Amino acid sequence: MKIVALVKQTFDSEAKIALEGGKINRQGISLIMNPYDEYAVEEALKLKEKHGGEVTVVTVGPDEATEAVRQALAMGADQSILVNPGTEDIDEYTTAKILAKAVSGLEYDLIIGGFRAIDDGSAQVAGRVAEILNLPVVNMVTKLEVDGGKAIATSDIEGGSAVMEVPLPAVITAQKGLNEPRYPSMKGIMQAKKKPLKKIGLSDLGLDASQVAAKVKVLSYSLPPARAAGKIIPGEPAEAAAALAKALREEAKII
Amino acid sequence: MAKGILVFAEQRDGKIKKVTYELLSASKKIANQLGEEVSAVLVGKGVSALANGLGEYGADKVYVIENDALENYTTDAYTNVVADLVKQNEPTAFLLGCSITGRDLAAQVAQRLDTGLLTDCINVAVENGQIVFTRPIYAGKAIITATIPEARPVMATIRPNVLPVDEPQAGKSAEVINVSANVGSIRTTVKDVIRQVSARPELTEADVIVSGGRGMKGPENFKLLEDLADVLGAAVGASRAAVDAGWVPQSIQVGQTGKTVSPNLYLAAGISGAIQHLAGMSSSKIIVAVNKDAEANIFKSADYGVVGDLFEVLPVLTQEIKKLKA
Ligand SMILES: Cc1cc2nc3c(=O)[nH]c(=O)nc-3n(C[C@H](O)[C@H](O)[C@H](O)COP(=O)(O)OP(=O)(O)OC[C@H]3O[C@@H](n4cnc5c(N)ncnc54)[C@H](O)[C@@H]3O)c2cc1C
Ligand SMILES: Cc1cc2nc3c(=O)[nH]c(=O)nc-3n(C[C@H](O)[C@H](O)[C@H](O)COP(=O)(O)OP(=O)(O)OC[C@H]3O[C@@H](n4cnc5c(N)ncnc54)[C@H](O)[C@@H]3O)c2cc1C
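As they're listed, the protein sequences go chains A and B.
Every letter in the first sequence is one number past the one before it in our numbering, and letter 88, counting from 1, is 88.
Every letter in the second sequence is one number past the one before it in our numbering, and letter 67, counting from 1, is 67.
Here chain A stands alone, though its shape is the one from the complex (with noise of 0.2 Å):
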């Protein structure tokens, strides 16, 4: 069975942000892959070792974007591909038409990715690539079987859960739960050198940059207002809880 794993690097969730210059500074930001598309390629994994086959990474992102690629590689994914976009001026429309036109380069049975990245987190890029590539999609998936040229996935939806069937090849997004990644072994790391790791550009693909332009124009980044330290409730605990009470009443006038 062939899988294509979505992997997109994303800042550390502990990264403070800051802004230089009105945009957000990357500068000494440490990178991850993506906790969720970590769930992805271990269930690529998982379905390799039950099904045989093999499993292709594919990333869009600048040069740095190499070490989550070797990431997946360690874990033990079988090749991958960078496409580095040579721009940052991109949205999830132009994520999606380079993922999917790079897709679609592959022979796959299952494409996975994550539901979203905790970064941009617009949760829409993996449903945008089955779009384009007319497949069906099952999202914020909990459990995953492949039989028999189908794929039966429980996802989350609205107060609970759905068992849902669909035929391959489909898109698939792992929520939180779905297993639990592995971490590469110094093994897996040494391997991962030498796996093909294809490093290509939008003409590469037969694309230009105004086919992929972003829809979306950020006006203005900004950081929240930090929120204040309020008041700690003297006393002890049931006297404490008393006055919390009163205050919750009266002064926030909340409950």
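Derived from the structure by calculation, the hints contain no laboratory data.
These numbers were taken from a predicted model, which means no experiment stands behind them.
No residue lacks a Cβ here, since even glycine has one placed at the ideal position from N, Cα and C.
Possibly wrong hints are sitting among the right ones.
A few chain B residues facing chain A, derived, Cβ under 8 Å [claimed, not checked]: (1) 4; (2) 288; (3) 299; (4) 313.
Fit chain B with the ligands to the supplied structure of chain A, relying on the hints for placement.
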């Protein structure tokens, strides 16, 4: 030419979701500034009775798309009928709630219509004739304003529970238009639906949330939070530590890899206030922390804090609130 603001009227089990009213109120304001109309699209099976009520909240027109195949949400069927409606009506903007359904549908429709989509916005306004959206990025650590200058419709999903609902205008009705739609081919089959039955409000729509973390020490102690939730009409949430320990389901995790919530009141008990937890709840209006460690990070964001053992504080708090509410 593109005209009007279209709102996705989300309903579940025959009830309109609150975010729909939030969307209608916001749309009314921007539509007035642009000199346009507000319409809503209501999709499902046996939902037409809900259409008229939307007029009171600001919809001038309601398109009703009913079909047996639309009873359960499927990405394919909903995308097909909604995208077709949008194509026919060419609104300037199409807005949805940032719920699980809204998010799923928005991405597919946006791509089918070759347009941009701003997700999880917390404000919408008109500036220089353009609709401008505000949205947090990097888990709330930065905020952008953005627009979609050319592509139409402008699309966005709006975070539930953030924008106000205007007082409904009793008796104001909407023009109801029944649309016969082609649901097209539905590639996914819904095999089973598992509902979490709960008398409590949904986390993302709740006015009050009481959350527990590792300090709860075990699943049985969540009873303390449930008792408090009962007197407050609150939803119960949790930190990732409590979820990963298997004490409570993933569906109630708040934070960067869980739900984003913005209730009027968020109470965190036995939660240290890690940055990834704050990401999911720092837009709450009032934050209360109960933690035995006076140095806990959560106190830096809390409006009210009680330093103490939650096992002593919570039961008294529940009793006191019960008394005040009596
Ligand atoms: C305010 C803002 C500023 C931006 N600035 C930059 C910038 O400086 N540089 C830049 O390169 N981009 C920038 N972008 C673009 C943004 O990072 C891309 O549109 C991104 O690829 C979409 O990310 P998302 O986080 O919304 O993905 P989501 O839709 O949340 O991601 C869902 C899943 O789709 C897949 N996926 C998403 N993105 C990629 C990817 N790039 N490669 C492989 N798989 C992917 C993953 O499986 C992921 O889990 C910016 C976007 C915004 C909104
Ligand atoms: C990529 C990534 C994503 C993450 N996403 C999330 C997320 O979505 N949501 C999330 O919550 N976390 C998330 N985390 C985890 C986060 O970093 C913290 O580990 C987690 O929030 C800690 O949970 P906690 O506060 O319950 O536990 P702890 O940090 O262990 O805190 C427990 C607190 O309880 C207090 N306490 C103990 N006993 C009592 C008592 N008897 N009375 C009163 N107080 C008591 C302690 O003083 C302490 O402050 C994420 C981490 C990563 C790396």
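Okay, which hints does this one fail, numbers in order?
Checked against the structure, the only hint that fails is number 1, while the rest are satisfied.
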